[in-house]
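**Q** Work out the full structure, taking the sequences as your base and the hints as a guide.
Below, each chain spelled out in residue letters.
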Amino acid sequence: MKKTAPFPDALKNAKKSNWLNQVEFDLANEDWLDLSFEIALRVYSKIKADGKSKKWLAEQLGCSPQYVGKMLKGKENLTLQTITKLEHVLGINLITLATPTQEFKLDLDVKPNVPNIGNLTMDSQRQELTEAESYTDYQSYQFAS
Amino acid sequence: MVIVDTFAVIDQALYAVKFEGEGEDELDRTFNQWNDPLQLHDFFSNHIDDLNSGFFGTVSIQDAVRITREEAKVLQKELYRLAKEGLSGSAGNLSQLFKPLTKGEIGSAYERDKAYGLNHKSWLRLYAIRINVNVFVICGSAIKLTETMNDREHLMTELKKLEIARNYLITDDTHSDFFYELSL
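Top line first, the protein sequences correspond to chains L and Y. For the first sequence, my numbering gives the first residue as 21, with consecutive numbering after it. For the second sequence, my numbering gives the first residue as 52, with consecutive numbering after it.
Any given hint could be a false lead.
Claimed, not checked - One-sided excerpt, in silico: chain Y residues whose CB lies under 8 Å from chain L:
hint, residue
1, Tyr66
2, Leu89
3, Glu156
4, Ala160
5, Asp202
In case anyone wonders, no lab produced these hints; they're calculated from the structure. No residue lacks a Cβ here, since even glycine has one placed at the ideal position from N, Cα and C.
**A** So, in structure tokens, the structure goes:
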């Protein structure tokens, strides 16, 4: 049997907490908040590891230290422009997109066999080129087809 | 250290106190802190020896930050669900989440309680005063990397806060009668 306290007077006039609003916001925005948190963590870890300050980062980004502070809270809906700026300034990769563009670039690196490209997929074209089949030739073929 | 206000998170179920000098009530402050990569990174950097003392294995600071936030997200959802369910009279109630802080607390009025993060070997702690089976007053929280609360300053502060909150709630009830509830 537990001795239970009566309802305390101190709670009878309690104000409304903001916590529920925060939970509801977090639930509704969970996906991008996860990314924002991870970016903030990587950015902060990097500037700490490099012995830099938030003020230094603000100067490099051309924004206010207040904005950097806000960004490092991990709750800022960052633009692609800001993310790529951060990548350049810090020399780190923050986002990687598995887009057709990237696959295309990767395929260029393995030098596909230009004459047989036809309707086949890029992956099936991974054959060694001869010296004469240069990257420029491949580009010309792409634009022409 | 003084309590300056009380806040209702969910009426008749979940409350939180606010201490002087703090911008938010303790529940809001707790989850803001556990969702703040900068604060968490600084905390684990300052407690790196405790983090890698062996109890939690070897964890990098970045992973410790990630683990904390993921656990906090789960705990936040569970706290929200139980408070709502308890209020509607369905099966769940907050007593399923909170346990007495020590064995000596069991059965006492204004019991000092703690809730763990829901993962195995979680370091998250939420501290509260239990009013009844589904009424709790949050008065602090911690990331507890050591076995006891008595050898780290931030944990001793939490013990003080629990005591202050308990006294605050008791002194406002001097004219009321206690009653007993059956433990099922």
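**Q** All hints, please: hold or fail.
**A** Hint by hint, here is what the structure shows:
1. Tyr66: holds (5 Å)
2. Leu89: Since chain L brings a Cβ to about 5 Å from leucine 89 (chain Y), closer than 8 Å, the hint holds.
3. Glu156: violated (11 Å)
4. Ala160: holds (4 Å)
5. Asp202: violated (27 Å)
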